[in-house]
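Per our numbering, residue 1 is the first one in the sequence shown, and the count goes up by one each step.
It should be emphasised that the hints constitute simulated quantities derived from the structure, not laboratory data. Here a beta-carbon is modelled for each residue, glycine too, at the ideal position from N, C-alpha and C. Treat the hints loosely; a few may be bogus.
[As the list claims (entries may be wrong)] Derived EDC-like pairs (lysine to aspartate or glutamate); straight-line CA-CA distance at most 16 Å: (1) 28 <-> 18; (2) 55 <-> 21; (3) 55 <-> 9; (4) 28 <-> 52; (5) 55 <-> 23; (6) 55 <-> 19; (7) 28 <-> 9; (8) 55 <-> 15.
[Claimed, not checked] Computed spacing ranges between beta-carbons, pair by pair: (9) 3 <-> 51: 22 to 28 Å; (10) 21 <-> 47: 14 to 20 Å; (11) 3 <-> 46: 17 to 23 Å.
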Amino acid sequence: MLALADAVEVHLSIDGTDEVDPDLNLVKCRSGSLLSEKMIEGAGGRFVIIVDESKLVPRLGYPAVSAMDH
Numbered sequence: 001m002l003a004l005a006d007a008v009e010v011h012l013s014i015d016g017t018d019e020v021d022p023d024l025n026l027v028k029c030r031s032g033s034l035l036s037e038k039m040i041e042g043a044g045g046r047f048v049i050i051v052d053e054s055k056l057v058p059r060l061g062y063p064a065v066s067a068m069d070h
C-alpha cells in the first residue's frame with residue numbers, strides 16, 4: 001500500500017459502507033475517516049463500494065446507531 005502522495009495514478013479505489021437502503025443510497029464513514037477517503041476517491045478512476053447483507057437497511061439512519069452501541 002502506498003501513501004496517496006506517492007502514487008502516480010490511482011486506477012481503482014475499493015471501500016465499504018455503513019448502510020445501504022433498497023434504492024442503493026448509502027451512508028459511509030461513521031469511522032471518522034471521511035477526509036482521507038474523499039481524497040482517495042477523488043484521486044482516481046473507478047470507485048467501488050463493497051457491501052454485504054449486514055449493511056442492508058430499510059431506510060438510511062434506521063435504526064440510528066450511536067457511539068454507545070459500539
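Cross-check of the supplied hints:
With a C-alpha separation of about 5 Å, the suggested pairing of residue 28 with residue 18 holds against the 16 Å cut-off. Between residue 55 and residue 21 the alpha-carbon distance is near 9 Å, which keeps this suggested pair within the 16 Å criterion. The suggested pairing of residue 55 with residue 9 is violated, with an alpha-carbon distance near 30 Å, which exceeds 16 Å. A threshold of 16 Å between alpha carbons decides the hint, and for residue 28 with residue 52 the separation of about 14 Å falls inside it, so the pair holds.
For the suggested pair residue 55 and residue 23, the alpha carbons sit about 13 Å apart, so the restraint of at most 16 Å is met. Between residue 55 and residue 19, the direct Cα distance comes to roughly 5 Å. Compliance with the 16 Å bound is thereby established for this hinted pair. Taking the CA atoms of residue 28 and residue 9, the gap is about 24 Å. The hint is violated against a cut of 16 Å. Among the hinted pairs, residue 55 with residue 15 is consistent with the structure: their alpha-carbon atoms are about 13 Å apart, no more than 16 Å.
For the pair residue 3 and residue 51, the supplied restraint of 22 to 28 Å holds, since their beta-carbon distance comes to about 27 Å. Checked against the given bound of 14 to 20 Å, the beta carbons of residue 21 and residue 47, roughly 19 Å apart, stay inside it. The given range of 17 to 23 Å is respected by residue 3 and residue 46, whose C-beta atoms sit roughly 20 Å from each other.
Hint check: violations occur at hints 3 and 7; the rest are consistent with the structure.
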